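*Asks:* Letter by letter, the chains look like this.
Number of protein chains: 2
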Amino acid sequence: MQQVKKGKVSNAVIRRLPRYYRTLDAFYRDGIVRISSSALGSSMGITASQIRQDLSCFGEFGQQGYGYNIADLRREIADILGMNHHYSAILLGSGNLGRALLRNFRFAKTGFTLTAAFDADPALIGTSISGFNVRSIETLDEYLKTHSTSVGILTVPKSEAQNMTNHLIAGGVKGIWNFTNVEIDVGDSGVTVESVHFSDSLLALSYLISEKA
Amino acid sequence: MQQVKKGKVSNAVIRRLPRYYRTLDAFYRDGIVRISSSALGSSMGITASQIRQDLSCFGEFGQQGYGYNIADLRREIADILGMNHHYSAILLGSGNLGRALLRNFRFAKTGFTLTAAFDADPALIGTSISGFNVRSIETLDEYLKTHSTSVGILTVPKSEAQNMTNHLIAGGVKGIWNFTNVEIDVGDSGVTVESVHFSDSLLALSYLISEKA
Chain A
39 MQQVKKGKVS
49 NAVIRRLPRY
59 YRTLDAFYRD
69 GIVRISSSAL
79 GSSMGITASQ
89 IRQDLSCFGE
99 FGQQGYGYNI
109 ADLRREIADI
119 LGMNHHYSAI
129 LLGSGNLGRA
139 LLRNFRFAKT
149 GFTLTAAFDA
159 DPALIGTSIS
169 GFNVRSIETL
179 DEYLKTHSTS
189 VGILTVPKSE
199 AQNMTNHLIA
209 GGVKGIWNFT
219 NVEIDVGDSG
229 VTVESVHFSD
239 SLLALSYLIS
249 EKA
Chain B
39 MQQVKKGKVS
49 NAVIRRLPRY
59 YRTLDAFYRD
69 GIVRISSSAL
79 GSSMGITASQ
89 IRQDLSCFGE
99 FGQQGYGYNI
109 ADLRREIADI
119 LGMNHHYSAI
129 LLGSGNLGRA
139 LLRNFRFAKT
149 GFTLTAAFDA
159 DPALIGTSIS
169 GFNVRSIETL
179 DEYLKTHSTS
189 VGILTVPKSE
199 AQNMTNHLIA
209 GGVKGIWNFT
219 NVEIDVGDSG
229 VTVESVHFSD
239 SLLALSYLIS
249 EKA
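Those protein sequences? They're chains A and B, same order as listed. Anchor point for the first sequence: position 85 equals 123 in the numbering used here, and the numbering is continuous, going up by one each time. Anchor point for the second sequence: position 36 equals 74 in the numbering used here, and the numbering is continuous, going up by one each time.
Treat the hints as calculated values from the structure; they're not laboratory data. Take the hints with a grain of salt, since some may be wrong.
Since the list gives no way to pick one copy over another, a pair counts as held whenever it fits inside one copy or between any two copies.
Unchecked claim - Derived PhoX-like pairs (lysine-lysine); straight-line CA-CA distance at most 20 Å:
(1) Lys46 to Lys147
(2) Lys46 to Lys183
(3) Lys196 to Lys183
(4) Lys250 to Lys46
(5) Lys250 to Lys196
(6) Lys196 to Lys46
(7) Lys147 to Lys183
(8) Lys196 to Lys147
(9) Lys250 to Lys147
This one's a predicted model, so the numbers in the text were calculated from it and none came from an experiment.
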């Protein structure tokens, strides 16, 4: 079905889109061909009408009385998420968290290609992590001049977060995936920041277990 | 003001609570005494009426024409989040991601105390990471019998996620903080699962930069 974006999509919907993709991808890999909106909803803990409402932001999907074709909807949501844009990413900070991402995170499953890893530590520069030769952070500006890069991943210490942000903006990235747990300022650059706040997640868990007690 | 919880709090509100806390904490540390709901909202990118509506789930806060006393509201939101319950946490899996949490995550700032770290790798067992003596995963069941533990943190390989979950449930934890990027099944145990899905976050960023393009 044709995707027609209608107005501004709420943050709540944006946050559910990756979950739709993840759920549909699991069904797809299990060889399931189609699913009713109520079954899809119950597997995600939301209502069928929520699903219909969410998807209606992007066009018409599914067919009354038939449900959703899983392969089709998975592909369409991948398109909506921009997974076919061949975005590239570089990682700044090859410490423990950076290494965890280099070694275990499957960038390709999100449509991204990780193209380089950087660090400031002479003991790390030149070493290989998961096939990535760690580059000196001193070479970042030059790298960005010669390699069009979609996203910079910030796994640097907090104290370096803003400085690295400034270099990434000057180097023309479109987005920053920020793990530093500090707010970074991108001014009027138009660069999009997505932060992974571990503490927000643990506090939500704290709330949820307190609420049950 | 008295906190009166009115019915079920939506997931969207639960997700905003840690951000309220984080924002108020920053103002508090900067020595700011009070703030209007519109200024608080603009610093969080939400409207003043959204804030009033969110907080109304828990009682009455602030005063017409005065705004919010930052120290008070920060403390009340900390209470709502259960930050004063002295929750304990243990970490399962002392690989790169586990080490990143052990070394850099400030558990105390969320009200949690990290009490032990475990791993299955003989090369890690007995070593010290940030003052934590890594214990053998073989001793987990015994540890849980003798140490009441609120939360288990899963930074194990995907293949161990469900097995470790089962041990944590049997050991009486209240919550699981899941970094394995797989869905874990807690059956009817009543255990709360909070997952940090890196891929969901990167896909949201992918959506947001695609939308701007």
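*Asks:* With reference to the structure, classify each hint as holding or not holding.
*Replies:* Checked hints:
In the homo-oligomer, the alpha carbons of Lys46 and Lys147 never lie at most 20 Å apart, since the shortest distance is 27 Å inside one protomer and 35 Å across protomers. With identical chains, the CA atoms of Lys46 and Lys183 are never at most 20 Å apart, being 33 Å at best within one copy and 51 Å at best between copies. For the identical chains of this complex, Lys196 and Lys183 are neighbours neither inside a copy (25 Å) nor across copies (38 Å), given an alpha-carbon limit of 20 Å. Only between protomers do Lys250 and Lys46 lie at most 20 Å apart by alpha-carbon distance; the minimum there is 12 Å, versus 35 Å within a single protomer.
Taking CA atoms no more than 20 Å apart as the test, Lys250 paired with Lys196 passes in neither setting, with 34 Å inside one copy and 28 Å between copies. Within a single copy, Lys196 and Lys46 get their C-alpha atoms no closer than 33 Å, and across copies no closer than 36 Å, so neither meets the 20 Å cut-off. Within a single copy, Lys147 and Lys183 get their C-alpha atoms no closer than 27 Å, and across copies no closer than 39 Å, so neither meets the 20 Å cut-off. Taking CA atoms no more than 20 Å apart as the test, Lys196 paired with Lys147 passes between copies only; the shortest distance there is 15 Å, against 28 Å inside one copy.
Taking the shortest alpha-carbon separations for Lys250 and Lys147, neither the intra-copy value of 35 Å nor the inter-copy value of 22 Å comes in at or below 20 Å.
Of the numbered hints stated above, those contradicted by the structure are hints 1, 2, 3, 5, 6, 7 and 9, listed in ascending order.
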